[in-house]
Amino acid sequence: MTPKNRLDGGQIDPAITHEFRFDGKSYTGHAGDTLASALLANGVRLMGRSFKYHRPRGVLTAGSEEPNALVELRSGARQEPNTRATTAELFDGLVAKSQNRIGSLRFDLMAVNDRFSNFLTAGFYYKTFMWPAAFWEKIYEPIIRKAAGLGSLSLLDDPDVYDKGFLHCDLLIVGAGPAGLSAALTAGRSGADVIIADEDFRMGGRLNSETFSLGDQSGADWAAATVAELAALPNVRVMNRTTIIGAFDHGIYGAVERVSDHLPTPLDGKPRQVLWRIYTKQTILAAGAIERPIAFENNDRPGIMLASALRTYANRYAVAADRRVAIFTNNDDGHRTAADLHAKGIKIAAVVDVRADAPRSHDFEVLHGQVIDTKGRHGLTFAEVRLESGDMRTLECGALGMAGGWNPNVHLTCHQRGRPAWNDALAAFVPGGVLPVGMTVAGAANGDMSTAGALRGGAEAAKRALGLKGKLPTLPEAEDAPVNITPFWYVEGCSRAWLDQQNDVTVKDVKLSHQEGYRSVEHLKRYTTLGMATDQGKTSNMGGLAIMAELAGKSIPEVGTTIFRPPYTPTSIGVLGGRARGQAFHPKRLTPSHTWATEQGAIFVEVGNWLRAQWFPRAGETTWRESVDREVLATRKSVGVCDVTTLGKVDVQGTDAAEFLNKIYCNGFAKLAVGRTRYGLMLREDGIAMDDGTAARLADDHFVVTTTTANALSVYRHMEFVRQCLYPDMDVQLISTTEAWAQYAVAGPNSRKVLEKLVDGDISNEAFPFMACANITVCGGLRARLFRISFSGELAYEIAVPTAYGDALIRKIMEAGAEYDITAYGTEALGVMRIEKGHAAGNELNGTTTAANLGMGRMVSKAKDSIGSVLSEREGLNRADDLRQVGIKPVDPADPVPAGAHLMKADGPVDAAHDQGYVTSACYSPNLGHSIALGFLKDGANRLGERMRLVSPLTGVNVDVEIVSAHFIDPEGERLRA
Amino acid sequence: MIIDHPLLGPRDSAEFTYKGDARLIDRPDPEKGATAHDFYDYGYLRDNPAGWHEELWFHEAGDRSWLVVTRNTLTHEISKVELARDVARSRGRSK
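Order-wise, the sequence lines are chains A and B. Under my numbering, think of the first position of the first sequence as 1, with each following residue one higher. Under my numbering, think of the first position of the second sequence as 1001, with each following residue one higher.
Keep in mind the hints are simulated off the structure, nothing from the lab. All C-beta atoms, glycine included, are put in the ideal place defined by N, C-alpha and C. Treat the hints with caution; some may be incorrect.
Unchecked claim - Calculated from the model, a selection of chain B residues having no Cβ within reach of chain A, i.e. all distances over 12 Å: (1) D1047; (2) N1048; (3) P1049; (4) W1052; (5) L1067; (6) T1070; (7) K1080; (8) S1090.
Claimed, not checked - Dumping the calculated DSBU-like pairs for lysine-lysine here, alpha-carbon to alpha-carbon at most 30 Å: (9) A:K753 x A:K637; (10) A:K637 x A:K469; (11) B:K1032 x A:K671; (12) A:K164 x B:K1019; (13) A:K637 x B:K1080; (14) A:K588 x B:K1019; (15) A:K511 x A:K281; (16) A:K671 x A:K463; (17) A:K862 x B:K1032; (18) A:K463 x A:K270; (19) A:K25 x A:K4; (20) A:K864 x A:K889; (21) A:K281 x B:K1080; (22) B:K1080 x A:K812; (23) A:K25 x A:K97; (24) B:K1080 x A:K671; (25) A:K375 x A:K4; (26) B:K1019 x A:K281; (27) B:K1095 x A:K862; (28) B:K1080 x A:K864; (29) A:K375 x A:K588; (30) A:K463 x A:K375; (31) B:K1032 x B:K1095; (32) A:K862 x B:K1019.
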């Protein structure tokens, strides 16, 4: 059965019928329909509820500028809220739901808001929800959030794939209406690399919506033939369903291609959408124009829409919005709609024109007057007309077209600070100011409103953009009607006349904001929320602006306009994220021992991008602490091994290498002997500690520098800055070798015995003392590096082999260490041992601490200049009571000493004003049998032995502690040198 | 943005890391009498021009060159791209 409002013709395919459901009810439509056109064909005018007042709403437009007909499309994990019914292509099995309602769409319980509209005017929230402040978070906000807002999310993972891609072209053409297509023909035939993109699934723009002929073809046929010719050219890429969402710097455009949105589910292996980054030399914006409504009382009832939308539904989709239609216009274009609908057999109740000199017609009545009110609870039934004579007329109609004139679609011209300029003849803004680099504008977007003007403008723009010589291509004959318009924005005396239907902003709201002193258009926008919804005010800004100008007694150009910013239409987070989801969002870097550690059942932790073994649980261990305590005790008793590959490594080579290190480290390196390693502290130029590590001198002109895991990248960047920008003539080269070497710490009293079994050569204490380093070989010839450095405080080595041998080496070390019960330890045990030893790490090098705070003030060499050395001496960083790193232990061994807690005098007040310092790192020390911590304390070096209170009001901690040396284990360092 | 690298040609700005004012090249030299005050100027006082600005960019995802990019902060137009090392030398920096 043919739905009641389906006409003949159009560009739908009546042979292909699609069944779909809206709010649970089944309907049919055809291939080529949108959800909106198919619903209208079935006589469904009510499609949604408004944002604030929950007024019944239907479609206003037939395009992406739609403010009202937003639906939840699809179901389950693919449910997508706020989808415009006017752009959703119909497919078989489509399911959609109306949104922003409680109860059914026809009887929305929230519609009570409409009764209280006098209280819900502009600024209502600002004025009402001021006090009491405590109510805001718990009461006001949840209510407002529930009442406002639009569609809902499925809260399920999106099952589809989104992609990103890069394109390059000589010329990008935005929009495939008459201007865009003639530009593409001109450019394509010249051989230039052209991309033409249009957001619609059917290219042709208004040509598909009009009854004009181009030469001897219909506009739609000419568009189809032209698209076919372009698609056959190898140098032209034709992209339908592709929205150019933004014009960015240097001719870069963002585009979203909706590859699969028109299908029930994406085809196998296809993404749902693709985000393209298009690098262009030139761009022609041929985005057309958008019709604007007229504000009058109750102009938001379902059935009231833009006149051009009525025309699109009739001509393109073969749909009558209703069988009886009235038009309210201030320009000739409104009459064109009436003529087209009349030709389709639709009854024109009347054309109401505000102009005395409106054209007359034999086919329908033209009234000189204004529509002053409408009736119809869930859809238009009557329009009240006040004639110029003062008489009243009631028009019976189920649809009413508003023709307020056309706004050139200048959106993208504003993305790089372009300011549209007022054009009196069109009563509209046209592109102005500085356009994005390489952009020209053609056709209706440039104010060329006739078809002939658009065809000519497009071809000329392409010629100019590409510097083509010769004549324009022959263009078909087309209508060339001038624009006849008398600006008319709103009906005098109206109040609940809607300007912004998506955000429910009325003429009255604009007047109220003027009355309350808002004079800037930007303030008006924010106070009333005009134009701030997902449609960005494409149909509403102009009306608000005009009323504001009138109230201020200024012209529209004097008031100025707000500008647009990307994206052109709402863009899904999915496509912006692309494939960077889940694991791919944050790629994991695996250490060389990862496979082996996995075999051992290691628990891993993310450190930066790295996955590091955190601890190695053994059978019977039920808490992480049991494993960590065991690893620490076993290492200190015999020997342990830990993967330290993730520490940054920078190879520094050249005759000036030592001098270079003298610059980047605050302590001296010039005199470091070959074969020796030294701890180094890097400062920022402001005197704050940046990073620490070691530098091993493998040769006169060759050092290996290590950094902390977290700062590997930023330290390398800093070193390159110093090398290239500050000392460009130093003979020094840098390369990051973090990934090139697998490195293991082997620590504990038996570490030498284990390594002696692997290293080719003598590593006795005499031959290879504390802080020695060397290029060596292991296992009978494999090149390796050995450093006798210790983070744990034990006799320890770090041994490095090329990464490819990392897995083999950890297995060899475990094998060699078996007789000493070698224990693999993770980052937790590493942390415990460094706290026991009092070594600073990231918690202490936290971007606020100086060398002096860290107890390393004397390391800053006065004998040389280094980065940060001068400012490290300034007064503000060198006060007598400055923070110093200390150790902290509980008086009662059972008490915890949590990180983040603050130190207070034992008998003093406990408040921020009497704060003495804070805990940075804390752990349970299995060697001491109680918790220990590192922290910073005012004048801490002189307060060892002091009893203090450690408090954390947030977590309820309040314990007695004693300040001690940070070196809990082996303070003399005898183990290191054993 | 596209940065026309002097050695590699036009590259997307996503490959670069931004540092700031190219005056950071002009580090005071304590061995030539620079004072803490000079370092205070160097470390903390920057112009923030609405217009042309010489700034340091690091080609981190590329060849690791530091570049001096002359960029208009209002329009993002780039008028000149130089190797920072050459700029440093031209300003008298050496070892």
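Structure-based check of each hint:
1. D1047: holds, 18 Å
2. N1048: It holds; B:N1048 is separated from chain A by about 18 Å at its closest Cβ, greater than 12 Å.
3. P1049: holds, 17 Å
4. W1052: Consistent with the label, B:W1052 stays out of reach of chain A, its closest Cβ about 16 Å off (over 12 Å).
5. L1067: B:L1067 is in fact no farther than 12 Å from some Cβ atom of chain A, at 9 Å.
6. T1070: Check passes; 14 Å lies beyond 12 Å.
7. K1080: Consistent with the label, B:K1080 stays out of reach of chain A, its closest Cβ about 15 Å off (over 12 Å).
8. S1090: Non-interface label on B:S1090 violated, nearest chain A Cβ at 10 Å vs cutoff 12 Å.
9. A:K753 x A:K637: holds, 14 Å
10. A:K637 x A:K469: violated, 87 Å
11. B:K1032 x A:K671: holds, 23 Å
12. A:K164 x B:K1019: holds, 28 Å
13. A:K637 x B:K1080: violated, 62 Å
14. A:K588 x B:K1019: holds, 27 Å
15. A:K511 x A:K281: Violated, because 45 Å separates the two Cα atoms, which is more than 30 Å.
16. A:K671 x A:K463: Distance ~70 Å between A:K671 and A:K463 Cα, so the pair is violated.
17. A:K862 x B:K1032: holds, 15 Å
18. A:K463 x A:K270: Distance of about 37 Å is beyond 30 Å: violated.
19. A:K25 x A:K4: Between A:K25 and A:K4 the Cα gap is close to 16 Å, so the pair holds against 30 Å.
20. A:K864 x A:K889: violated, 39 Å
21. A:K281 x B:K1080: holds, 19 Å
22. B:K1080 x A:K812: Status violated; Cα separation ~55 Å.
23. A:K25 x A:K97: holds, 10 Å
24. B:K1080 x A:K671: Given that 30 Å is the threshold and the Cα spacing comes to 42 Å, the pair is violated.
25. A:K375 x A:K4: Since the Cα atoms of A:K375 and A:K4 sit roughly 22 Å apart, the hinted pair holds (cutoff 30 Å).
26. B:K1019 x A:K281: Roughly 28 Å between the alpha carbons, so the hint for B:K1019 and A:K281 holds.
27. B:K1095 x A:K862: holds, 19 Å
28. B:K1080 x A:K864: Outside the cut-off at roughly 36 Å; violated.
29. A:K375 x A:K588: This hinted pair is violated, its Cα atoms lying about 62 Å apart.
30. A:K463 x A:K375: violated, 52 Å
31. B:K1032 x B:K1095: holds, 13 Å
32. A:K862 x B:K1019: holds, 28 Å
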